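Chemist: Following the hints, put chain B in place on chain A, whose structure we already have.
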Amino acid sequence: MSGFFGPLDAEGRVPPHQQTRVAAFLMSAHGALARQFAYTLPTTLDSAWQTELNAQFYRETELVTLLLRATSWVPDPGLGYMAVTWESAWYPVPIHEISDWHLAVAAGLATLAHAVHAGIRPAALLPVEANPDDPFVAALRRIEFESGRLLQAQILLLKGSSLVPHRDVVNAALERRHSEVRKLWGNMLQSVGVALGDSNDEKP
Amino acid sequence: MKIAAVKRQPVVAMPFLNHGSYRIRYELEGRPDAPAYVLVNGLTQYAELWAAYREALVARHFRVATFDLLGQGGSDKPALFINQDDQITALHRLIGELGDGPIFLSGISFGGLIALRYAIEHGKRLSGLVPMSCFAELSPQLLLIGNALRTGLILGGTGYLQDLLLPMNLSDQWLKPLLDKLDSVKRQGWLVNDLYALQNLMESFLDFQPLTPQLSSITVPTMILNGEFDFLTPRVLHETLRVEIPSSSLVIIPKAYHAFTLEKGALTADLLARFAEDVLAGRWRGDKAVFVAPEEPGGELTPFPLGYDHLRAIPVQRAST
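Those protein sequence lines, which keep their order, are chains A and B.
Under full-length UniProt numbering, the residue at position 160 of the first sequence is numbered 160, and the numbers go up by one with no gaps.
Under full-length UniProt numbering, the residue at position 237 of the second sequence is numbered 237, and the numbers go up by one with no gaps.
Chain B extracted, bound-state conformation:
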């Protein structure tokens, strides 16, 4: 996957959705009658980061919708408050633009949480759900890390927040060749995201209530993706989703961190396409199984070794229940 563009993208006419007095910038690609994938950004992201996914999924005969959340990139940035309910409403408007065909919804991190909330409120409209690097509640670690990241944003600006997130969320293999050009990697995200808007997005968690009690109402096929080395949202947070969502499976992406959608784009796009193809063909089974994804696109998913505890980082046999 290519890294973020170094220079500001040329200003081109983009479609916008209206949400009250605010506008949401979105992009659609692919045949209008094709099953659609809707991809939801993480906190500091913007729609262009899904470009390689658009290309890969359109080639697999999907229609792809990407957009900037309220407060991000080219969408409007409310000055003082961003309510997560508004994000759900805006997403519902976008999905309403896609007609009556099958809709698969996927989101990463903050976007995964928005996708989960959408599935809880409007699950009947979905054919499949893929939360990635996601969480349904703020564990003490995640709460404290989130608070520290917010303080970092306030004291050091967007650039400092990016400085914290890059090494936390990406592997040495990805970072090493880019060490002398990290400013270029960060630049587009810094340009399109404003400090006050990012702060508003982070502060939309101040009244956050855990989603865990509502997860069992998600009845659509759900593939949960979690990086093997995800530090920010570790496996135990994904385990809550696997246990609570009836028709789910957990797929561990090997050697991946929190931002594996950036680092392992080809593999992730392939997994998304295969999941949707399997669901549409009636082949997909959501029996809460745990798999290890292949390291390359097209490889087989391997069931997690029987009897071993997938929540541990060392091979510990699962306690009998």
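Chain A with its partners taken away, still in its complex shape:
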């Protein structure tokens, strides 16, 4: 078990079976976020903050289409079962302790988006020898970079004044989401021979 993708081929590319499973996972996660942002997005924006919602929706969609085109896909019989597990994990979970239902839904979505954008670092699994001109390598770097920016909207909402009265339940929901997402990400990586070296996953 390695801490990085590989072994790379002579051109510095990630093995296709790793590309396939990693891309499928990331498309599932970012696709779910795109769908949930789309449901939340009103046809006509009536508030300044909703411009960010629009941006989040299109950036998530961009990440999905980027992976679709940048990945060297190979048949993977194990994907069907795994995809069902992943998709069920992304199901919206409003924070029920928040009485304002719209806020409860928005906070729930923000915890999922925070966990995906903050907790999944695909570029950190690329070995130094990875070919920077390979489209899959470039896609992973772009996803990690964009995730850092997309994350800011979730941080603003979750740390914002509207959720201050609910800080403990928001914090608990967020830690739970982080743990779930990291576990799924770690299990998927383990299935292609990659071990996460993240302390948050290695509690005895």
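Think of the hints as simulated: they come from the structure by calculation, not from any bench.
Don't take every hint at face value.
Stated by the list, open to error - Partner residues are not named here, just some residues of chain A that face chain B (Cβ under 10 angstroms, in silico):
# : residue
1 : 80
2 : 88
3 : 149
4 : 152
Claimed, not checked - Now the in silico label distances, taken between C-beta atoms and shown as ranges:
# : chain 1 : residue 1 : chain 2 : residue 2 : range
5 : B       : 175       : A       : 172       : 43 to 53 angstroms
6 : B       : 147       : A       : 62        : 45 to 55 angstroms
7 : A       : 46        : B       : 139       : 27 to 37 angstroms
Quick caveat: nothing in here was measured; it's all calculated off a predicted structure.
Note that beta-carbon positions come from the ideal geometry of N, C-alpha and C, so glycine has one too.
Modeler: Okay, now just chain B, sitting in the frame of chain A:
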């Protein structure tokens, strides 16, 4: 001192301390009955960067404890908030693991601030304190630089933050031979530190209150180390510590910048060891004196020239008071 390792360290079993639901990764080296040095990381650092210090201080008969702060490296990374009080509590737990012998506490930059706060709250447990590249309050310059660094992290990621910090905190002499391999220098710090966790650490300053009014309560011997060319935390910020901490001295590290613990590891480890040895032998005098450190380990500390203002970068005579 060696630069950061290029590849991710192999996963080895490390001891962890529990702090609530979070875990703190730490390392202990040296004889359990030896006086202990506890070293606290700067913002973007991780415990392995103290490896050369562990080696040097253990050879001088100290026990050395290093650890990753909450939100750093191998310690847990709270998702949304990191409170500086939690860092103090975690540090107290670690020091509690070290028995009843003498404890010397040192930290750099953000870690120096945590060390100062620890000394204010638990000073009786310490035998000595060494804040390095440190500050007790956010001057306008430091506040604005901190805000800009946070914006840089948000817009450009951890790599961009490192790009800003490297030339600000290290000398041309250190950087020049590494110019074509800076990606390797940055890689381990980039791998082990997550953007959201670094942002949480930086945002733990949003409700920061100046420590200056409490510094006089630090009664342990305190050696303040400041790089001659420290741009991020200039001398005037260290001067606050020297003036306010009763049993202190200020030691200026020649030709050094903010991150002199990376650049001048052998010299700094020697100064740490000598300070603790002097304190333990009853030789150390904390009379708020100002010294210039030697350029090499083992050299003599030189008193700052009498009558000259150590806060100036040109030889200006001190105004009579």
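Chemist: Any hints this thing doesn't respect? Which numbers, in order?
Modeler: Of the numbered hints given earlier, those the structure breaks are 1, 2, 6 and 7, listed in rising order.
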